[in-house]
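K.L.:
These are the residues of each chain, in order.
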Amino acid sequence: MSFKVIDRRVFLRNTAILGAGLAAPMHFVRGAYAEDVSCNMPKGDTVTFGWSVPLTGPYADEGADELKAFQLAVKHLNGEGDGGMIPTMKPGALKGNGVLGKKVAQVHGDSQTKTDAARDNSKRMIERDGAIMISGGSSSAEAVAVQSLCQDMGVIHMSGLTHSNDTTGKDKKRYGFRHFFNAYQSGVALGPVIGEAYGKDRKAYHLTADYTWGWTQEESMKAATEAMGWQTVAAVRTPLGSADFSQYITPVLNSGADVLILNHYGKDMVNSLTQSVQFGLRDKEVNGKKFEIVVPLFSELMAQGAGDAVKGIYGTSNWDWKLDDEATKAFTKSFGQEYGAPPSQAAHTCYVQALLYADACERAGTFFAPAVIKALEGFEFDGLGNGSTLYRAEDHQCMKSCLVVRGKETPKDKYDLMEIVKVVPREVTTYDPSIFGGELGPSDAKQC
Amino acid sequence: MDAILLQILNGLDKGGAYALIALGLTLVFGTLGVVNFAHGALFMLGAFCAVTFNKLLNLESVVIDPTQTTAWGSPLEVRTPYVEALLGDFGNYLHDYSVPASIVLAIPVMLIFGIAMERGLIRYFYKRPHAEQILVTFGLAIVIQEVIKHFFGANPIPQPAPSAFGGTAYVGQILGMGQTLAYPWWRIIYLLFSLGVIGAVFVFLQFTTYGMVVRAGMHDRQTVGFLGINIERRFTVVFGIAAVVAGLAGVMYTPILPPDYHMGMEFLVLSFVVVVVGGMGSLGGAVAAGFLLGILQSFASMNEVKAIIPGIDQIIIYLVAVVILLTLPRGLMGRRGVMED
Amino acid sequence: MFKGLSRNDWLLLAGFSAFVLLMPIILQPIGAAYPALMQKICIFGIFAIGFNILFGLTGYLSFGHAAFLGVGSYAAVWSFKLFTMNIIPALLMALVFTTIFAVAIGYISLRRSGIYFSILTLAFAQMCYNLAYSVLTPLTNGETGLQLTLKDPRWIDAMFHEPGAGLPRATLFGIDTSGGGLGGFYLCAIALIVCFFFSVRIFRSPFGMMLRAIKSNQTRMRYTGFNTRPYLLAAFVISGAYAGLAGGLMAATDPLAGAERMQWTASGEVVLMTILGGVGTLVGPVIGAGVIKYFENIFSSFGDNTLHGVFGFLPDIIEQPLVSFLSLFVGEGWNLTLGVVFMLIVIFLPGGIMEGLRRIWSRLNRRHDGGEKIAVAQPQPAE
Numbered sequence: 000m001s002f003k004v005i006d007r008r009v010f011l012r013n014t015a016i017l018g019a020g021l022a023a024p025m026h027f028v029r030g031a032y033a034e035d036v037s038c039n040m041p042k043g044d045t046v047t048f049g050w051s052v053p054l055t056g057p058y059a060d061e062g063a064d065e066l067k068a069f070q071l072a073v074k075h076l077n078g079e080g081d082g083g084m085i086p087t088m089k090p091g092a093l094k095g096n097g098v099l100g101k102k103v104a105q106v107h108g109d110s111q112t113k114t115d116a117a118r119d120n121s122k123r124m125i126e127r128d129g130a131i132m133i134s135g136g137s138s139s140a141e142a143v144a145v146q147s148l149c150q151d152m153g154v155i156h157m158s159g160l161t162h163s164n165d166t167t168g169k170d171k172k173r174y175g176f177r178h179f180f181n182a183y184q185s186g187v188a189l190g191p192v193i194g195e196a197y198g199k200d201r202k203a204y205h206l207t208a209d210y211t212w213g214w215t216q217e218e219s220m221k222a223a224t225e226a227m228g229w230q231t232v233a234a235v236r237t238p239l240g241s242a243d244f245s246q247y248i249t250p251v252l253n254s255g256a257d258v259l260i261l262n263h264y265g266k267d268m269v270n271s272l273t274q275s276v277q278f279g280l281r282d283k284e285v286n287g288k289k290f291e292i293v294v295p296l297f298s299e300l301m302a303q304g305a306g307d308a309v310k311g312i313y314g315t316s317n318w319d320w321k322l323d324d325e326a327t328k329a330f331t332k333s334f335g336q337e338y339g340a341p342p343s344q345a346a347h348t349c350y351v352q353a354l355l356y357a358d359a360c361e362r363a364g365t366f367f368a369p370a371v372i373k374a375l376e377g378f379e380f381d382g383l384g385n386g387s388t389l390y391r392a393e394d395h396q397c398m399k400s401c402l403v404v405r406g407k408e409t410p411k412d413k414y415d416l417m418e419i420v421k422v423v424p425r426e427v428t429t430y431d432p433s434i435f436g437g438e439l440g441p442s443d444a445k446q447c
Numbered sequence: 000m001d002a003i004l005l006q007i008l009n010g011l012d013k014g015g016a017y018a019l020i021a022l023g024l025t026l027v028f029g030t031l032g033v034v035n036f037a038h039g040a041l042f043m044l045g046a047f048c049a050v051t052f053n054k055l056l057n058l059e060s061v062v063i064d065p066t067q068t069t070a071w072g073s074p075l076e077v078r079t080p081y082v083e084a085l086l087g088d089f090g091n092y093l094h095d096y097s098v099p100a101s102i103v104l105a106i107p108v109m110l111i112f113g114i115a116m117e118r119g120l121i122r123y124f125y126k127r128p129h130a131e132q133i134l135v136t137f138g139l140a141i142v143i144q145e146v147i148k149h150f151f152g153a154n155p156i157p158q159p160a161p162s163a164f165g166g167t168a169y170v171g172q173i174l175g176m177g178q179t180l181a182y183p184w185w186r187i188i189y190l191l192f193s194l195g196v197i198g199a200v201f202v203f204l205q206f207t208t209y210g211m212v213v214r215a216g217m218h219d220r221q222t223v224g225f226l227g228i229n230i231e232r233r234f235t236v237v238f239g240i241a242a243v244v245a246g247l248a249g250v251m252y253t254p255i256l257p258p259d260y261h262m263g264m265e266f267l268v269l270s271f272v273v274v275v276v277g278g279m280g281s282l283g284g285a286v287a288a289g290f291l292l293g294i295l296q297s298f299a300s301m302n303e304v305k306a307i308i309p310g311i312d313q314i315i316i317y318l319v320a321v322v323i324l325l326t327l328p329r330g331l332m333g334r335r336g337v338m339e340d
Numbered sequence: 000m001f002k003g004l005s006r007n008d009w010l011l012l013a014g015f016s017a018f019v020l021l022m023p024i025i026l027q028p029i030g031a032a033y034p035a036l037m038q039k040i041c042i043f044g045i046f047a048i049g050f051n052i053l054f055g056l057t058g059y060l061s062f063g064h065a066a067f068l069g070v071g072s073y074a075a076v077w078s079f080k081l082f083t084m085n086i087i088p089a090l091l092m093a094l095v096f097t098t099i100f101a102v103a104i105g106y107i108s109l110r111r112s113g114i115y116f117s118i119l120t121l122a123f124a125q126m127c128y129n130l131a132y133s134v135l136t137p138l139t140n141g142e143t144g145l146q147l148t149l150k151d152p153r154w155i156d157a158m159f160h161e162p163g164a165g166l167p168r169a170t171l172f173g174i175d176t177s178g179g180g181l182g183g184f185y186l187c188a189i190a191l192i193v194c195f196f197f198s199v200r201i202f203r204s205p206f207g208m209m210l211r212a213i214k215s216n217q218t219r220m221r222y223t224g225f226n227t228r229p230y231l232l233a234a235f236v237i238s239g240a241y242a243g244l245a246g247g248l249m250a251a252t253d254p255l256a257g258a259e260r261m262q263w264t265a266s267g268e269v270v271l272m273t274i275l276g277g278v279g280t281l282v283g284p285v286i287g288a289g290v291i292k293y294f295e296n297i298f299s300s301f302g303d304n305t306l307h308g309v310f311g312f313l314p315d316i317i318e319q320p321l322v323s324f325l326s327l328f329v330g331e332g333w334n335l336t337l338g339v340v341f342m343l344i345v346i347f348l349p350g351g352i353m354e355g356l357r358r359i360w361s362r363l364n365r366r367h368d369g370g371e372k373i374a375v376a377q378p379q380p381a382e
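Protein chains in written order, with numbering that gives the first Met the number 0: chain A, 0 to 447; chain B, 0 to 340; chain C, 0 to 382.
Just so you know, these hints were derived from the structure itself, not from any lab.
Incorrect hints may appear among the rest.
[Stated by the list, open to error] Here are the computed lysine-lysine pairs in the DSS-like style, where the Cα-Cα straight-line distance is at most 27 angstroms: (1) K411(A) <-> K54(B); (2) K169(A) <-> K221(A); (3) K421(A) <-> K202(A); (4) K80(C) <-> K169(A); (5) K407(A) <-> K54(B); (6) K199(A) <-> K407(A).
Note that the coordinates shown come from a computational prediction; the quantities given were computed from them, not determined experimentally.
This is chain A alone, in the form it adopts within the complex (with noise of 0.2 angstroms):
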């Protein structure tokens, strides 16, 4: 194969070309046009919402009900279907007629659990897409990721499963807002539960996630729990995806510790809890009290996972769709009714997530975000499941009460796997934000 000549038109067709393609980004530089631009503000009338869940690996489960959840809000909020929490909500500015008169769209990308593809999907849906808002997610290592680029873009992110401090605390973001509550209230809430079931003199041993949320949800629950006149034995870190636990597990029959607090989620939960029961540990007795293993977070679908081995388990849960409240009931009826199965907690805070900014748009009467921003820090509501809940300006956390779980004895279906022990009131999950640590940073609006 040989080039012998390249013509002079071709060649000057290409130089053409070449030009038109370095000039393009003159298209793409920034500057203010007016005021009050944010970025991807709707131009014609649909308004788009990017929708970053996971779909393959270990948690696609996880992120397939956030996906639906997302798709039955959108339904909603365009005034189709029953309208699920949108009648209950209070105060409420949604008229089911989409956003601002704007009709609601959507898009949506695998996130894989994995930081990097949760920003490359995000950036997907805000660049390509034009999406105003992104929300999603089934970790806090997502969440935090995604929420410091929608910073960075200055696009809001509504984070979906996250229930790590750091989320709202060290690594919170002007720009992300957390409905899901943390590791700190699961340990305040839980706390004085298990004492009352299982004494105030008892020696706890750890097994701990080796990473952040891991060590968070440690700190918080050893504070809850030796507050109340718990020893800790021990808290050993372990490998975060260990199939096998057997090697930290044996250590723990003969430490002498009658508590075994498993500081583990997802898959990680799954294999611990299983590997635990089959040690034999909850056959026990240690110092003359029956030894108990406490997981201070629990998710219905991990529930699942376990099997037999969640019966009786003590630990903490957002929301739950056998509360009697009447919006709980709504959106378990209308989910329910859309897909078959009532909805996860993943799926409930992702729907909520979505009305609130979308009501935070109807209340500001913008899309800009910085009055978006405005409009969701201090916002005080109710009839969305949780009872009165706040969107706390400080860390933009929501304020609100959370629930005390155990695994039931003897569930009815696949459904039905935990009870409502106790709904810890909002009172007392409320803490002081400046304890974390962390800033938010400006809300200055930028163009992308």
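Model the placement of chains B and C on the given structure of chain A, informed by the hints.
P.N.:
Chains B and C in isolation, oriented as in the chain A frame:
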């Protein structure tokens, strides 16, 4: 003292599992010279044989009861399992023993799958570079995974051990030592099971004529072919056996680790490390490496050890692999010239 | 430095540069012309080109290259945190640190060959990953990833101007490279072109010949009196530095570094990219990187609605089953498509996509024999 014994027992238990999982891989490596990245997927497929078997036992007749409704307003479905209705007590018994019983399903399924995989795909790759073998088997692994995910979802599906073996064995009492030396029954069974399977494969290769020919073929395929032996077919059978071994390892592991579609990938790297540390093409090496890594991992996770070297339990397996490969060029018992190009 | 390249090589380089720079226009019809994806294609292109220098030329299959990517990212983000948001020092830091890492890991791992080499590199990378996720959290910020904060000192920047209210963006003397926009893309594109040029140079140099000779018969090389180890180590370090640069660019376009970049799956990804595109070819790895990143970002976002939109013109009886069948392969099923594509390509086109293109090319050539030829990048097989 008890703590040390317990940790040794735990190491043996882990080692048995590692060796069993790596066994099928080293068979394929050693005999066929194929790098099978779908090995983890075969392990997972075996585990899902147990899930399927359990699902079959749980097939239910569904009657819709219009008088009752669920919380979301659709009519309640009343379900009765067929097995219990048809077989009565035996059905319950079968239900209890569904994991070991599903071996009956797993052996033919895995054998057929293994043979089909070898005939349909792997045999075209014997002479191809390892990189291409990796890519094609990796692609196959993804396809198997996604198909399983499509039918079973991504969430783990727990499989209970038979109730008789669900509890703890008081090993200490049995051996006349400390009272506190206790270990789950099912894990002890898994250890015995893996030793049994390893022994069976070993006997098959070492002491049967069939196995001898296979070993001869490993050394010099051409000459064995000249002797008029259909070595191709024997290799197919070996691949089938490797698939069955992987599958059985998966079936019996389900009570310890609730299976999901992704579990194979987590064991893939580990089983490669075990095989390579043991030495390519050496069954004995893989078994020795499995036990070595199991015991070291168990000890590295003890609090006393971690207090001296923080994070050692995170990296012990890889650290051992590096040290062994640097001191023993071909792993523990590797043969010269296998997979070194 | 500019000698030794044939006319064809220069044409290839020109064609490649033109394609890369025109990506915002060329990729428009397939929906991939947004900065984030194009950046990723360029960055992983660099990563794969570097990997190909080791694997394609010497045949040594490293399964731990992602460690260099991670080290490069961490080094660059630390430079942003400590010194300045200018990307030049950050990229230099990334290069220096990965080179040190590559020398150390390469020196040890290259004592073995074949699968033993692969496992050694894999073991080092997994150790880096596990430690970065847990014990080294003060250095790496563990799970949540190392990122910029308002409290970072940024000593050099602080000397010249007051820090602004929000987090600063990474810049190249005033041009923003992070935070969206095409600035980051052109940075990566130019880096890719430069890296590609160097790789062509290496392929055509005596050094490249030497590496290929090692691949075809290392024993013979040793018998003729060559010490092959320094050549291998040089190839390993160059390839590691490419990965480090890719990691640094990832940080420069998006200042956040997570440990999962070092996981073995990330190392596996670059192996797949290279083989998919065509091992030992010049352009192949970049094509492989582009294809995989495209799948990951675009295919995963398709839902049933998209499919209904595409096939809406068909009658319902055909459309419904077609859409429900195809929906297995997009959205949450994009992994399935990827697996099937891998298998098909390796089975029918062992040389990767490049071999497919070459076959098409030679068929076309046979038909239009003697006709005037258009400048098309010609694949260059290594063997």
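K.L.:
Kindly indicate which numbered hints from before are broken by the structure, ordering the numbers from low to high.
P.N.:
As far as the earlier hints go, not one is violated by this structure.
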